[in-house]
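Chains as they are written, first to last, in numbering that gives the first Met the number 0: chain A, 0 to 539; chain B, 0 to 255.
Hints in this document: simulated from the structure, not taken from any laboratory.
Here the structure is a predicted model, which is why all the values come from computation and not from measurement.
Even glycine gets a Cβ: it sits at the ideal position worked out from N, Cα and C.
One thing to keep in mind: the hints can contain errors.
[To be verified] Below, a sample of chain A positions facing chain B; criterion: calculated Cβ distance under 7 Å: (1) Thr-56; (2) Trp-70; (3) Gly-368; (4) Gln-416; (5) Leu-439; (6) Trp-461; (7) Leu-465.
[What the hints assert, rightly or not] In the SDA-like style, the derived pairs of lysine to any residue whose C-alpha atoms are separated by at most 20 Å in a straight line are: (8) B:Lys-35 with A:Thr-372; (9) B:Lys-214 with B:Arg-179; (10) B:Lys-214 with A:Glu-414; (11) B:Lys-214 with A:Asp-443; (12) A:Lys-503 with A:Ala-532; (13) A:Lys-183 with A:Glu-209; (14) B:Lys-214 with A:Leu-500; (15) B:Lys-35 with A:Glu-414; (16) A:Lys-503 with B:Arg-179; (17) B:Lys-214 with A:Pro-373; (18) A:Lys-503 with B:Ser-92; (19) A:Lys-183 with A:Leu-159; (20) B:Lys-35 with A:Gln-69; (21) A:Lys-503 with B:Lys-35; (22) B:Lys-214 with A:Glu-209; (23) B:Lys-214 with A:Glu-462; (24) B:Lys-35 with A:Gln-416; (25) B:Lys-35 with A:Ile-413; (26) B:Lys-214 with A:Asp-442; (27) B:Lys-35 with A:Gly-136; (28) B:Lys-214 with A:Trp-502; (29) B:Lys-35 with A:Gly-375; (30) B:Lys-214 with A:Ser-505; (31) B:Lys-35 with A:Gly-507; (32) B:Lys-214 with A:Gly-507; (33) B:Lys-214 with A:Pro-437; (34) A:Lys-503 with B:Ser-211; (35) B:Lys-35 with B:Gly-127; (36) A:Lys-503 with B:Phe-198.
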Amino acid sequence: MTIALRWQTLLLPVLLGAAANAWAQVNFDDLLHPEERPGDWLSYSRSLDNQRHSPLTQVDAGNVANLELQWVWQARSLEKFEATPLVVDGVLYTVQAPNDVVALDAATGRLFWTYHHEPDPARTCCGRVNRGLAILGNTLFMGTVDAHLLAIDARSGQLLWNVEVADSEALYSITMPPLVVEDKVYIGTAGGDLGIRGYVAAFDVADGHELWRFYTIPAPGEPGNDTWTGDSWQTGGAAVWNAGAYDAEANLIYFGTGNPAPDWDGRTRLGDNLYSDSVIALDTDTGALRWHYQFTPHDEMDYDSTQVPLLADIEWQGRERKVILWANRNGLMYVLDRLSGEFLLGKPFVEVNWMDGFDANGRPQRVPGMVPTPGGTLIRPHVHGAINWAPPAYSPATGLFYVAHWEHSGIVAIEGQFPQAVGINTRQTTMGDVALEPFLNDDDEAFGVIRAYAPATLEPAWEFNLGNITWGGVLSTAGNLVFGGGKDGYFVALDARSGALLWKASLGGQVNAGPMSYLANGRQYVAVAAGSALFTFALP
Amino acid sequence: MTPRLALCLVLAGGWLGAPRPAAAQHATAFDVVDGKQAFQRICANCHGPDGDLVAGVDLGHGNFRQPYSDEQLGTIILQGIPNTPMPPNPTMSEEQARQIVAYLRSLALSEEVGLQGEPTRGQVLFEGRGDCLTCHRVAGRGSGLGPELTGVGQLRTSAELQESLLAPAARVLPNHRFYRVVTAQGERVSGRLLNHDAFSVQLLDTAERLRSFTKAELREHGFVAPDMPALQAAEYSEQDVADLVAYLASLRGNTP
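Only chain A is shown next, with the shape it has when bound in the complex (with noise of 0.2 Å):
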């Protein structure tokens, strides 16, 4: 260490008092390693496997009965509220939709900077949302509905650079959290129901050039485009919209990509439609494709894949495997080989009857008849499906993936028309939204759980029962927690090997976000987004 570094740590923090704080330093290592440093929360769901799991064991199965509200930031937007926050060295960074950073105090809530985008016209299918930032240095990094990438100075908020990513006017947009690897941020461009053609990029973390494009449907001459007729590759869909993983031993990163375009009708793009519906795994350094897994070959029912990719090493027949974990809006749910993109199991993990089945590949093996048709079929799951986007978490502690997500859901599909409910026992279930709203669905309609489930069988191994169905995500912790929530408002903690409540608080808005705890002057806060506003609890 320098003298004028040691300087700086004896001397700021009395010159400066709390807004030291916003003193941010995360290096490649840091993201890489965040066991190293427990009390942070560095990226999406914390490390770059995804696995949502904090260390921190202050907060227990003992004493969460005694959790208390600590502060409340309610944010200036009523849109609603995806983002999960990064938290450096006390300092709490999120989004206030649609594009609007925050620093804040992690301790107390107080407002350190906002930095304000106004973004361009633009359309996105479900709400001007954002699920949160990424950061590297001291630079945060965040993708705009407006299809722009921003770098902003973490200290001051002021904006580093700012590129286009996209065309807005052309229906792209860019909801998802940035995914940073090394020296570079990559972002993927949603706008699948609307005809984009997908796809990834990789920039420059300094000044934002961009790198390398990889696109979701390949061109003519590439492999796969004849899984496309006509132009239909053209506007396609295929996007990517939520959160990536890394591996760093196989040097991959790993999307999931969204529905084919159009969504319920596929009469005009005949094939399986690569590569929507898919994992696809890309060279770190190149973006070249290594690997891909369909999940949905030629989706009719906008059964998105952009689930966030959860990479774990499970014990499997017997040896250490480096898998994917993949809960999917079809209803399935999956473990894949992470190196090789082998499919290892796969199964129903809710009510499906498009598919009855896998051949030797791994491809779903569809049931006859079951399409859109003019008169309606009966499909489930709900085309809002088994579950969404909502980010799962991974125990290493437990060995169990926990996932929430809907049961009894299913939809009447229709050739080229959005799918149509039928009878009590379909009932619509409504997107995300910031205020609570009636439910009163009946015991056999669609309701919501958070279940925890064994990654080798994928068999449950418990359930929670949310009642109304959920857009939100579910947090793991040391201290043998899952914290989750819903549309009914609730926020509850759950023992993370039995799956009873433990604890709940009512927020009084919908849980759309996914949990995340750290640390704050040496005490664990639990941190959640519901309604408009940011939630945080911790022991009294």
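Given chain A, put chain B in place with the hints provided.
What follows is chain B alone, placed relative to chain A:
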């Protein structure tokens, strides 16, 4: 305009098979078809195919957060509503927005079918022998336990109204579902379900009191069929049913 005249206009429009009153002044059937396609493609993802998925908004039945003119609705479709999930649609033309408005208006006024009835006779039946105000409210009179009917003629077709009279259990909208609880002390409370979640349930009980219960403290709880009796052929003639339908169809007041 008398209720009778209003009904005649409604029926006349139905025979002609074209969109009626407000929408018909400017919109053509082609507009409605194009508007439907645009609605299904652009709006249905959030609003649902029937336009009733956003809380407090039922586009298919003319139920907006406030009474908008066609022009105002078109502006909202194009520009969105700031600070809400309703986004702007910068790539949509004014023409397309107008077609969507035409489609929504046509839904709210979709064709009426059924029998010729006499609304005034229907009102006598409704308030007298039918005893409907015991559970329903019209223009401030009656009970709030069952569905509010002040503007039901704007919200439901005659066919739907007839079905509700003859087979009320056939289609119960979620916001009209009934729920029953038995407390630990043995008190039995039933009423219209207002909300329930993993931990609690909220009702409007049969005495029109707002009640909230913690599920863990209840001996029993669950859905029950609403108390609405079906009209029996032995007690009500076909003309009685037609008169009741005509009366209900004439109720076009502003629902509170």
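Numbers of the earlier hints that this structure fails to satisfy, in rising order: 1, 2, 3, 6, 10, 16, 17, 18, 20, 21, 22, 27, 31 and 35
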